[in-house]
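As they're listed, the protein sequences go chains A and B.
Heads up, this note's numbering is the position in the first sequence plus 1, with the first residue counted as 1.
Heads up, this note's numbering is the position in the second sequence plus 42, with the first residue counted as 1.
Hints listed in this document are in silico derivations from the structure and should not be mistaken for laboratory results.
A quick note: this is a predicted structure, and the numbers were derived from the prediction, not measured.
Worth double-checking, as some hints may not be accurate.
Unchecked claim - Residues from chain B shown here face chain A by an in silico Cβ test under 7 Å; the list is partial:
(1) Pro121
(2) Leu122
(3) Asn126
(4) Pro142
(5) Asn144
(6) Ala162
(7) Arg163
(8) Thr184
(9) Gly185
Ideal placement from N, C-alpha and C gives every residue a C-beta, glycine not left out.
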Amino acid sequence: MAEIGKVRIRIPSNIKRGDVVRVRSLVIHPMEIVQRRDGKPVDKNYLFIHKVMVEYNGREILQADTTQSISENPFFSFTFKPTEPGMLRITFLDTHGGKYEGTAEIKFT
Amino acid sequence: MQEWVEGGRVSRRVVLRALGLLGVSAAAAPFLAGGPGTASGQGNLGSLQPEEPVDATLKRLFGGRPIKDGSSVIKMDLPLIAENGAVVPITVEVQSPMTPTNYVKSIYIISDRNRRPMNARFSLTPEMGAAAIGANLRLNETGDVRAIAELNDGTLLMAKREVKVTVGGCGG
Numbered sequence: 002m003a004e005i006g007k008v009r010i011r012i013p014s015n016i017k018r019g020d021v022v023r024v025r026s027l028v029i030h031p032m033e034i035v036q037r038r039d040g041k042p043v044d045k046n047y048l049f050i051h052k053v054m055v056e057y058n059g060r061e062i063l064q065a066d067t068t069q070s071i072s073e074n075p076f077f078s079f080t081f082k083p084t085e086p087g088m089l090r091i092t093f094l095d096t097h098g099g100k101y102e103g104t105a106e107i108k109f110t
Numbered sequence: 043m044q045e046w047v048e049g050g051r052v053s054r055r056v057v058l059r060a061l062g063l064l065g066v067s068a069a070a071a072p073f074l075a076g077g078p079g080t081a082s083g084q085g086n087l088g089s090l091q092p093e094e095p096v097d098a099t100l101k102r103l104f105g106g107r108p109i110k111d112g113s114s115v116i117k118m119d120l121p122l123i124a125e126n127g128a129v130v131p132i133t134v135e136v137q138s139p140m141t142p143t144n145y146v147k148s149i150y151i152i153s154d155r156n157r158r159p160m161n162a163r164f165s166l167t168p169e170m171g172a173a174a175i176g177a178n179l180r181l182n183e184t185g186d187v188r189a190i191a192e193l194n195d196g197t198l199l200m201a202k203r204e205v206k207v208t209v210g211g212c213g214g
């Protein structure tokens, strides 16, 4: 899993002021599922992403709390409405203290 | 009472014992209460969610608050049949103006037949322009998937859809 934590963000190529932009993001992450021994869940610190934060120019626009019921290599999509050009930053936090970031620049055409 | 108070002064042992009791009850309170607003229900989902039936999840998250039928305003898009339960794409769109005075505060995704039904909670802001989110879920077996939207005035709206799962994708 050398690629763990790699973040990809997709935004439309043409964005006009006032558009509602659909952003798609993906992070490479194992999102461990619960192991069972004799039918009982094994108690340990499972490695999965529990928080996703989306910021635009430093202002928070979306936060997601996720559990291990989200698939491996989690994909998230959301909309947002930029009023000025700027930097979109998506941060993923996992239960082992990992922090993975991806950015995308929003420019108007 | 005599053994607690010595010469008009509370003995040290009694004070310590009282403090100990207070500490214990304070720590146990969130688990006993179990209602909305407690750390276990509304806080960070960093730890594994408890294994519980979906009714218990709804009770833990929303307490006794009424959940209205929101199938006319919530649009859920997910496959009717999921061949692989490990990756089930879902999008949830709530029709809302998303203005600072009228917006969708959060969207919960809950799958009834998972051992831990709570899947994800999205906290939205008016700057999103539209209340639309998407994710990939793990579903254990055939059952309903619910999307519950909480509006900024506290109203809860729910929509649900059944998904047939051929191969389960969730060990937890």
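For each hint, the structure was consulted:
Contact between Pro121 (chain B) and chain A, as hinted, is not supported at the beta carbon level, the nearest pair being about 13 Å apart and thus beyond 7 Å. With a cut of 7 Å, the hint placing Leu122 (chain B) at the interface with chain A is violated, because the nearest CB-to-CB distance is about 18 Å. Against a cut-off of 7 Å between C-beta atoms, the interface hint on Asn126 (chain B) is violated, since the closest Cβ of chain A lies about 9 Å away. For Pro142 (chain B), the interface hint is violated, since its Cβ never comes within 7 Å of a Cβ in chain A; the closest pair sits about 13 Å apart.
Using the Cβ-Cβ criterion of 7 Å, the hint placing Asn144 (chain B) at the interface with chain A is not satisfied: the shortest such distance is roughly 15 Å. A hinted interface residue such as Ala162 (chain B) counts as satisfied when its beta carbon comes closer than 7 Å to some beta carbon of chain A; here the least separation is about 5 Å, so the hint holds. Checking Arg163 (chain B) against chain A by beta carbon gives a least distance of about 5 Å; that is within 7 Å, so the hint holds. With 7 Å as the threshold, the beta carbon of Thr184 (chain B) stays out of range of chain A, its nearest partner Cβ sitting at about 15 Å, so the hint is violated.
The restraint placing Gly185 (chain B) at the interface with chain A is violated, with a minimum CB-CB distance near 13 Å, outside the 7 Å limit.
Hints 1, 2, 3, 4, 5, 8, 9 from the earlier list are contradicted by this structure; the remaining hints agree with it.
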